[in-house]
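Colleague: Could you slot chain B onto chain E? The hints should help.
Just so you know, the protein sequences line up as chains E and B, in that order.
As numbered in this note's numbering, the first sequence has no gaps in its residue numbers, which increase by one up to the final residue, 97.
As numbered in this note's numbering, the second sequence has no gaps in its residue numbers, which increase by one up to the final residue, 1256.
Please note that a few of the clues may not be correct.
Below, in silico cross-link-like pairs of lysine to aspartate or glutamate (EDC-like), each with a Cα-Cα straight-line distance of 20 Å or less [claimed, not checked]: (1) B:Lys1133 to E:Asp60; (2) E:Lys35 to B:Glu1137; (3) B:Lys1161 to B:Glu1212; (4) B:Lys1136 to E:Glu50; (5) E:Lys35 to B:Asp1154; (6) E:Lys35 to B:Asp1147; (7) E:Lys35 to B:Glu1201; (8) B:Lys1133 to B:Asp1051; (9) B:Lys1217 to B:Glu1158; (10) B:Lys1136 to B:Asp1051; (11) B:Lys1161 to B:Asp1147; (12) B:Lys1217 to B:Glu1201; (13) E:Lys35 to E:Asp68.
Hints were generated in silico from the structure; no laboratory data involved.
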Amino acid sequence: MTEPARQWPLWEVFIRSRNGLDHKHCGSVHAPDAKMALQNARDVYTRRMEGVSIWVVRADQIVASDPDAKPEMFDPAEDKIYRHPTFYTLPDEVNHM
Amino acid sequence: MTAATQTHTAHLDYLLRIADTSLILGQRLSEWCGHGPVIEEDIALTNIALDLIGQARLLLTHAGALEGRGRDEDQLAFLRREPEFRNLTIVELPNGDFGRTILRNFLVSAWQRELWQALAKSSDGELAAIAAKSLKETRYHLQHAADWVVRLGDGTEESHKRMQAALDLLWPYTAEFFSPSPTDDVAAATSVGPAWSALQESWVAAVTPVLEVATLKAPARTPFLTRGKFGVHSEHFGHLLTEMQYLQRTYPGGTW
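Okay, chain E solo, but in the shape it has when bound:
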């Protein structure tokens, strides 16, 4: 028989600070379900006007890369500097690139 959960599940919280910006991970909350996770995230992370939109996702639903697989996952990109779009001259009107 499995032990009943003593602790509410963990939810990762993503906040969009302004319209037009991306949601950014800002922390986590405990909550029994999605509705309350959203409420808790609102109370914990937006009380100083940090956000205009909140996403919450159960932490155990996030599929993460294996830290041990770092060499094959990320190292090969190291010497491919030409993949950065930094070799183009941008017109002045294009900001925020």
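Modeller: Leaving out everything else, chain B in the frame of chain E:
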């Protein structure tokens, strides 16, 4: 008393009833700071307390100006005596457990929501502006509380039992929300705000479906009627004021 003085007195009284109800509920909720069942709820209750104290500050500042005796928000909050407070009795009751605290938030927020909505059309422009701002806050307080009322009411056997006990205890105090008073008559006649008796129907319509989903049963109405809004308070209120006013009483005029 001239008609103008009477109107002025009633206007002030009407403001203090609303201001003090927010202030004292805010004070009670702030007692949860550091004691919430989980940190998220601890922060939520403290947020709500701060919203309520914020509403009280605006209303007391406005009331002080209207009174014209040079009293500011701090003097009204911290230097009035027990019978001068006009809050509804329900908000001065001790918190009890988390369920009872939440249930009171639910009953009071539902009432405040109806009040703020009606006050947005007040002939008192300042009051209308405060009501419009407070309405947004109260909508969230109500949502937060209603959610918990359903979870706990329709939760485990233990949580249901506690919520029903809390409802049996608190329900009789809600009669005061709507009891008639001369202050209300003047406020309604001068369009400062609604007579609170006029809010009863929409309050019942808001509260009933949530209690039903929560499988909680409101007890039958009895003649029990508290009179906090007339300045007649429960035995708990003096203790609350002693704590709330301690600093100003001990160090008069102290600031930091």
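Colleague: Check the hint pairing lysine 1133 of chain B with aspartate 1051 of chain B against an upper bound of 20 Å on the C-alpha distance.
Modeller: Status holds; Cα separation ~10 Å.
Colleague: For the pair supplied as a hint, lysine 1136 of chain B and glutamate 50 of chain E, is the alpha-carbon distance within the 20 Å limit?
Modeller: 17 Å, holds
Colleague: Checking one constraint from the list: CA of lysine 1133 of chain B to CA of aspartate 60 of chain E, max 20 Å. Satisfied?
Modeller: 39 Å, violated
Colleague: Check whether the Cα positions of lysine 35 of chain E and glutamate 1201 of chain B lie no farther apart than 20 Å.
Modeller: Measuring from Cα to Cα gives roughly 29 Å; hence the hint is violated.
Colleague: Between the alpha carbons of lysine 35 of chain E and glutamate 1137 of chain B, is the straight-line distance 20 Å or under?
Modeller: Holds. Lysine 35 of chain E to glutamate 1137 of chain B sits at ~18 Å (cutoff 20 Å).
Colleague: Are the Cα positions of lysine 1217 of chain B and glutamate 1201 of chain B separated by 20 Å at most?
Modeller: It holds: about 18 Å lies between the C-alpha atoms, which stays within 20 Å.
Colleague: So if I understand the rule, the pair passes when the alpha-carbon distance is 20 Å or less; does lysine 1161 of chain B with aspartate 1147 of chain B pass?
Modeller: With Cα atoms ~17 Å apart, lysine 1161 of chain B and aspartate 1147 of chain B stay inside 20 Å; holds.
Colleague: Is lysine 1136 of chain B within 20 Å of aspartate 1051 of chain B, Cα to Cα?
Modeller: Distance of about 10 Å is within 20 Å: holds.
Colleague: Between lysine 35 of chain E and aspartate 1154 of chain B, is the straight-line Cα distance small enough, at 20 Å or below?
Modeller: Given that 20 Å is the threshold and the Cα spacing comes to 16 Å, the pair holds.
Colleague: Is the Cα-Cα distance between lysine 1161 of chain B and glutamate 1212 of chain B 20 Å or less?
Modeller: Roughly 15 Å separates the two Cα atoms, so the pair holds.
Colleague: Hey, lysine 1217 of chain B versus glutamate 1158 of chain B, does the alpha-carbon distance stay inside 20 Å?
Modeller: 16 Å, holds
Colleague: Does aspartate 68 of chain E lie within 20 Å of lysine 35 of chain E when you go C-alpha to C-alpha?
Modeller: 35 Å, violated
In terms of the numbered hints stated before, the structure departs from hints 1, 7 and 13, listed from lowest to highest.
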